[in-house]
Every structure is written in C-alpha cells, then in structure tokens.
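Visitor: Here are the chains, one letter per residue:
Number of protein chains: 2
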Amino acid sequence: MLFFEDIEVGWRRELGRHTFTADEIKRFASRYDPQLFHIDENEAKKSHFGALCASGWHTAAVCMRTIVESSKQLADAMAARGEKVAKTGPSPGFSNLKWLKPVYAGDTISFVSEVIETRPSESRTGWGIVRTRFSGHNQNGAPVYQFEGVVFVERRST
Amino acid sequence: MLFFEDIEVGWRRELGRHTFTADEIKRFASRYDPQLFHIDENEAKKSHFGALCASGWHTAAVCMRTIVESSKQLADAMAARGEKVAKTGPSPGFSNLKWLKPVYAGDTISFVSEVIETRPSESRTGWGIVRTRFSGHNQNGAPVYQFEGVVFVERRST
Chain A
1 MLFFEDIEVG
11 WRRELGRHTF
21 TADEIKRFAS
31 RYDPQLFHID
41 ENEAKKSHFG
51 ALCASGWHTA
61 AVCMRTIVES
71 SKQLADAMAA
81 RGEKVAKTGP
91 SPGFSNLKWL
101 KPVYAGDTIS
111 FVSEVIETRP
121 SESRTGWGIV
131 RTRFSGHNQN
141 GAPVYQFEGV
151 VFVERRST
Chain B
1 MLFFEDIEVG
11 WRRELGRHTF
21 TADEIKRFAS
31 RYDPQLFHID
41 ENEAKKSHFG
51 ALCASGWHTA
61 AVCMRTIVES
71 SKQLADAMAA
81 RGEKVAKTGP
91 SPGFSNLKWL
101 KPVYAGDTIS
111 FVSEVIETRP
121 SESRTGWGIV
131 RTRFSGHNQN
141 GAPVYQFEGV
151 VFVERRST
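Line by line, the protein sequences are chains A and B.
Counting in our numbering, the first sequence runs from 1 upward without gaps.
Counting in our numbering, the second sequence runs from 1 upward without gaps.
By construction, these hints were calculated from the structure, which means they are not laboratory data.
Be careful, since some hints might not be right.
Note: identical chains are not told apart, hence a pair may lie in one copy or across any two.
[As the list claims (entries may be wrong)] Derived lysine-lysine pairs resembling BS3-like cross-links, with alpha carbons at most 25 Å apart: (1) Lys-101 x Lys-84; (2) Lys-87 x Lys-98; (3) Lys-98 x Lys-84; (4) Lys-46 x Lys-84.
On a predicted model such as this, the values are computed, not experimentally measured, just so you know.
All chains, please: the whole structure from these sequences, using the hints.
Guide: Okay, structure coming up:
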C-alpha cells in the first residue's frame, strides 16, 4: 500500500472485472444462498428478478477478491521498483453496503475503488485512516454494488 | 413465512449452527479472499489474528445459508400443518453488519434471528415491514457476527 501521506481523496483504481457465468452463480448459491432465483433458470424467470442472478454475497465475495488481488499487485509493483510498501492495519469495519441492481448470468462487473476521506488517527500514533468507496458497475455502466471500507494505513516515519 | 400480523418484536429463532474447518476456510478464501491469515496456518500465526480464521465474507455466506434453509423449513412445516404461508418481498437492504470477533478454524457458530421492529408499509398496501437482527455466536457464547435485515412480509387479507 502507499503510505498515508501519499494517498489523496479522489484516488481511483480499477480493481478488476469478472463475468458471472450461470454455472458459477448456481454453484455459489447452492452452497450459500439456495434461493430459487439463484439456482434455477426457470424459477428465476418467474421471480421478480426475471432471470437467473447472482447471490448478493457472491458479488460481495468476488469484489473482495479483486480488492485483495489488486492490493497485492500494487505492493508487488512498488517492491519491484525498490519502493518501501506501507503496512495496513486491521479494518475497523465498513458501512453503506448496497446491492443496487441484480447481477444477471453473463454480466461482466468492473470493480473500482475511490478514496473518499483521509485523516490521521487520533488513537494510533504512526497511522492514518483511509475511507474508500468500492463499487461495481455492469457492462452497461450501471452501478450494481457498493460499500465503504475503512482501513488503518502506516504513516511515513520522518 | 408467518403473516405480518403474527410476527412480534422479540420473536427469536435458532437458524442453525456450523463448524468452520480449516480446509473449508482455506477453500473459500483461496477463491474469494486470499489474504495470508485466511489461507495459511503458519502465516496466520504470525498475523494479528494469531491463528487461521475465516474470511468475514465466508461467515456472512454461511449465515445466509442458515437463513434460507430455516425459512424453507418454517414454510414447509406450516404447509405440512395445512397453514397458509405468507409471501415475502424483496429485501430493501440491510445495515449494521459487523464482524465482532474472528471465526477461527474449529469454531462452531450458532446463528439466531430476532425480530426487532415491525410496522405496516406505507407505500405498499397489503405488506408489512419486518426488521430482524441476525447474529452468530461461537461455542463460548461470544458474538462474532451480526447484521440487521429488512424484509416486506405479506399481511392477512381480511
């Protein structure tokens, strides 16, 4: 991760994209959210969704993967350039998680992060607090998912 | 589901319990949350968690399964008694999701629901709104997870 001092409000990163196949939607939902509109195309057609769509927890899990993988890529790229990589602390939590539209079978969701607040931590010397909005948009540009996360980020020791 | 008129604040249900094995924790995390403390026992020991623990999204997904399965059991039992089963509408969302403590490999989490608010819907005639707190406790009784969900529930047409 960048050091706290190098992170600015508005910093936006493309985290990755993922196409939700019908098979994958049904596999996740069979295990964790076996509602008919997530596991059966015909039942989904008759539901208020109108077609097979992913469990919201599936969308959340895939988003988490893009966050972890893109953070690792960022850290690896910094290390490869010989830059020191800042530590991050445990997250104090998140808020405002919303599933804004269904994610249908075949949809490709692009996930992005955008920093919306930065402030020094009052309780933990040497750390800053960064609030980020994570969101997913489908192939038509429509927002389908979002949440805000907060994380402690190491400050430069100068 | 019970009809809106039959649901009272304080109605509490045991939804089910689940033991999170190390294999399962690593399998979920490898796919959706590949941070070292979720996929490698030795790295987890060195982390602030101190031992392998489940991705928060894994806990959330397992909780969702207990919600779906226990709702189906409730509906099946009502139908078997010849009672009419109330419809539920799409959920307008949830709030206050918190991961309160880590879920470690070997922990058994018991999930419960408790109704915390009921009110008639002003916008949708024939429906009521039910707010429920879902929570998970480990084998020591410590709360590890919670969120509040809102759902539309059919009213009796009298």
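Visitor: Would you mind marking each hint as holding or not holding in the structure?
Guide: Status of the hints after comparison with the structure:
For the homomeric pair Lys-101 and Lys-84, neither the shortest alpha-carbon distance inside one copy (40 Å) nor that between copies (31 Å) is at most 25 Å. Taking identical chains as interchangeable, the C-alpha atoms of Lys-87 and Lys-98 lie at most 25 Å apart only when they sit on different chains, with a minimum of 23 Å there against 28 Å within one chain. For a Cα distance limit of 25 Å, the shortest separation of Lys-98 from Lys-84 qualifies neither inside one copy, at 35 Å, nor across copies, at 32 Å. For the homomeric pair Lys-46 and Lys-84, the shortest alpha-carbon distance between copies (21 Å) is at most 25 Å, but the shortest distance inside one copy (55 Å) is not.
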